[in-house]
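Peer 1: Now for the letters of each chain:
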Amino acid sequence: MSRRWIVLALLFATAVGATAAPYVPRDDAVVLERLPEKGDPALAQLKRMRAALAARPDDLAIAIPVARKALEAARTLGDPRFLGQAQAALAPWWTADAVPAAALLLRATLKQSHHDFDGSLKDLDRLLTDQPASAQALLTRATVLGVQGRYADARRDCSALNGRVAPIVFLGCDAGPASLSGAAADAYESLALELATLRGGADLREWALTLAAEIAERRGDFVAAEKHFRDALDIDPRDAYLKGAYADFLLDRNRPQDVLPLLANDVSNDSLLLRLALAEQRVPAARNTFAAHRAELAARFDAARRRGDSLHRREEARFRLDIENDPQAALALARANWGVQREPADLRILVDAARAADDAAALDIATQWLASTRMENVAVATVATVRK
Amino acid sequence: MIRYLLLLVVALVATPALSHKASDAYLTLERGGTSLRGQWDIALRDLDNAIGLDANGDGDITWGEVRARHADIAAYALQRLAISSGGERCALSPTAHSIDTHTDGTYAVMAFSGKCPVAGPTLAIDYRLFEGLDPQHRGLLNLIEHGASRSVVFSADSPQRIVGGDTSGPWAQFATYLNEGVRHIWAGFDHILFLLSLLLPAVLVREHGRWRTGDSFRAAFVEVAKVVTAFTVAHSITLTLAALSIVVLPSRLVESGIALSVVLAALNNLYPVLANGRWIAAFGFGLLHGFGFAGALHDLGLPAGSLALSLFGFNLGVEAGQLAIVAAFLPLAFLLRSTWAYRRMLFAGGSVAIAAIAAVWLVERAFDMPLFDALAAGI
Chain E
1 MSRRWIVLAL LFATAVGATA APYVPRDDAV VLERLPEKGD PALAQLKRMR AALAARPDDL
61 AIAIPVARKA LEAARTLGDP RFLGQAQAAL APWWTADAVP AAALLLRATL KQSHHDFDGS
121 LKDLDRLLTD QPASAQALLT RATVLGVQGR YADARRDCSA LNGRVAPIVF LGCDAGPASL
181 SGAAADAYES LALELATLRG GADLREWALT LAAEIAERRG DFVAAEKHFR DALDIDPRDA
241 YLKGAYADFL LDRNRPQDVL PLLANDVSND SLLLRLALAE QRVPAARNTF AAHRAELAAR
301 FDAARRRGDS LHRREEARFR LDIENDPQAA LALARANWGV QREPADLRIL VDAARAADDA
361 AALDIATQWL ASTRMENVAV ATVATVRK
Chain C
1 MIRYLLLLVV ALVATPALSH KASDAYLTLE RGGTSLRGQW DIALRDLDNA IGLDANGDGD
61 ITWGEVRARH ADIAAYALQR LAISSGGERC ALSPTAHSID THTDGTYAVM AFSGKCPVAG
121 PTLAIDYRLF EGLDPQHRGL LNLIEHGASR SVVFSADSPQ RIVGGDTSGP WAQFATYLNE
181 GVRHIWAGFD HILFLLSLLL PAVLVREHGR WRTGDSFRAA FVEVAKVVTA FTVAHSITLT
241 LAALSIVVLP SRLVESGIAL SVVLAALNNL YPVLANGRWI AAFGFGLLHG FGFAGALHDL
301 GLPAGSLALS LFGFNLGVEA GQLAIVAAFL PLAFLLRSTW AYRRMLFAGG SVAIAAIAAV
361 WLVERAFDMP LFDALAAGI
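Keeping their order, the protein sequence lines are chains E and C. In terms of my numbering, the first sequence opens at residue 1 and continues consecutively. In terms of my numbering, the second sequence opens at residue 1 and continues consecutively.
Possibly wrong hints are sitting among the right ones.
Said to hold, decoys possible - Example chain E residues on the side facing chain C (calculated, C-beta under 10 Å, incomplete):
#1 Arg26
#2 Arg230
#3 Ala360
Said to hold, decoys possible - Cβ pair distances, simulated, as ranges:
#4 E:Thr382 to C:Pro170: 32 to 40 Å
#5 C:Ile51 to E:Ala42: 19 to 27 Å
#6 E:Pro261 to C:Asp60: 53 to 61 Å
#7 E:Ala42 to C:Ala366: 39 to 47 Å
#8 E:Val31 to C:Leu249: 55 to 63 Å
#9 E:Pro284 to C:Ala111: 39 to 47 Å
#10 E:Thr367 to C:Ala96: 55 to 63 Å
#11 E:Val31 to C:Gly33: 39 to 47 Å
#12 C:Leu316 to E:Gln368: 39 to 47 Å
#13 C:Leu253 to E:Ala152: 28 to 36 Å
#14 C:Asn179 to E:Asn288: 30 to 38 Å
#15 E:Arg156 to C:Ala111: 42 to 50 Å
#16 E:Tyr23 to C:Ala91: 22 to 30 Å
#17 E:Asp58 to C:Asp299: 34 to 42 Å
Stated by the list, open to error - Far from chain C, by Cβ distances over 10 Å, these chain E residues were calculated:
#18 Ala55
#19 Asn162
#20 Arg219
#21 Ala299
#22 Asp322
#23 Gln328
These aren't lab readings, by the way, just hints derived from the structure by calculation. Here the structure is a predicted model, which means the values were calculated and not measured. Glycine is no exception: its CB is placed at the ideal position from the N, C-alpha and C atoms.
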């Protein structure tokens, strides 16, 4: 049996396993679960820190690093269980009014992760009333405002950072909202110029490269976009956000065969599995894994829905539209998602679903948003303006 | 500092890349009468997080490591699940352990059985698994009864839910709550004594500062009807308001107030203040008794799906139970009204006894002192 068939058999077992009957393993030595901290010293350290916090749950000096590390783990692994751990670490300060600045900032960040944007902004507003010069709070608020599509407000916070932080942080903060509200060329030029002379700080460099790649892609400069994506991946080939963005770029360039090796080992990540399945759908040789991945995605969205989760609406809309071929269901999800968050990817799925469902009202929402923000976004503009 | 800044920013930007789902546990409950059968699927990762399953610390959880901790898993989980029926806690005990796979990993599966002291119309469930460890944890309950199933989600924000009672069909459910209403007024001595205190003088007439025997059954009937109607209207109003959580009073205040109302109603027979307007007292204090009925209904639980029907059934049951008492009381009292036994023993002596009993209740309830138990223990 070739290795591919073993993988395939395992995939089917996983997909079927969701509904299979409980069983009793035959052997004590059978490994049932691999903990995330296996082979990850940072997570092992987090586990020890949490044990220390359990003994002194009101100790802010332990709680803050635990919450911060858990938040980082949630981001790098894409695992929301760590968001729950971060929130638990902040429990003594979660509902209180008078909260130390460090706890308030992490609380705002976590609320944002749960798409409680208003709650997040409320905390950040309070923090910035007390400490108007807090660079971290300004940066975080700019990000939340950007997700809500409030670009002018976001840019105001970014401009308050000018001179207080390294130029790349200020430029990176501003580049997102600027590029989405009619200043994409300037934002891109400034970012590219700064990147050319930036020394050190691999994390910062990767972040700025990802931003530059996304702006270049929206402007239609695909050669530059691809170069930035690849440079960023050279710095961190495991970054889930970056891989997702690059996979979307490749799918739009009609290069699904390049997505397969990029995401081959990311099936545990819902967003990346979705991109992998979208690529497999278009590559005849990957038909079998596509069927298994499609079933697995359906099971995962179902599990998320059962718990009342609405964090996956954007991904699920794409799944309904492109894989299940159900434009009406996709449009309902995309519209509900658009009511909450307004990033370019949210606009994209809205306009794609609206076009497929032939829904003029939803298309109008998208075209009006493009016009009122003066956003440069070739992919969305193409779909929105071409009449059938 | 800058590095830290960046990590947070990227954490924000990266939300769409979330994989898996947050922590869930799957709870299935099947109910028949006083017995329960359950199955609880809990992620091994979450259990490791709570009680530590990875005995040798190698990052892998083996079947041997899980098997060694079955008793601890059952104890940990069942301590965080309280199921009550008719206001009384059901005893839960584990019956079997196995393993299952869900979309986000491997789960420990615990089968358990439960025995409830009372077969109430609903189950009150208090779900606290991983409380304090993961506020994003959800308990997904699938309740099966009468061959139908319904699902309920427990979270840190809503750990307590009243479930069940609405799968048996509207009429069966209506009958259940009607029955509970009758049971409650018959078992609730304070309500009966209050009503009796107001009804005892109905066959008498107060004239020139003295009680004399009433002449007509019709007059006695009208008097009883006025008192019972006023009491019914009043307690129906507050029962509804409290059951729908529109007005909520502390139970100690309500129970003490009810005891006081019985004392005053009985004393009013001995030293009349409201000789010919007892329906006013029935109405005023009836408002308080309604809150008392609501407390009993709260213990039973109202099914969310058919709240109005159950509430109506319970209220109607209370009225029916009360009318049965009145129907037995009125003819008997009218027949005996001119006898010495009625005038001295039942009316005067009864009122003194009722006032005394209710006074003890009042002290017990207001100061949380179990006097009757202490007396009984002394004997």
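Peer 1: Hints the structure violates: just list their numbers, smallest first.
Peer 2: Numbers 2, 3, 4, 6, 7, 12, 13, 14, 15 and 21, in rising order.
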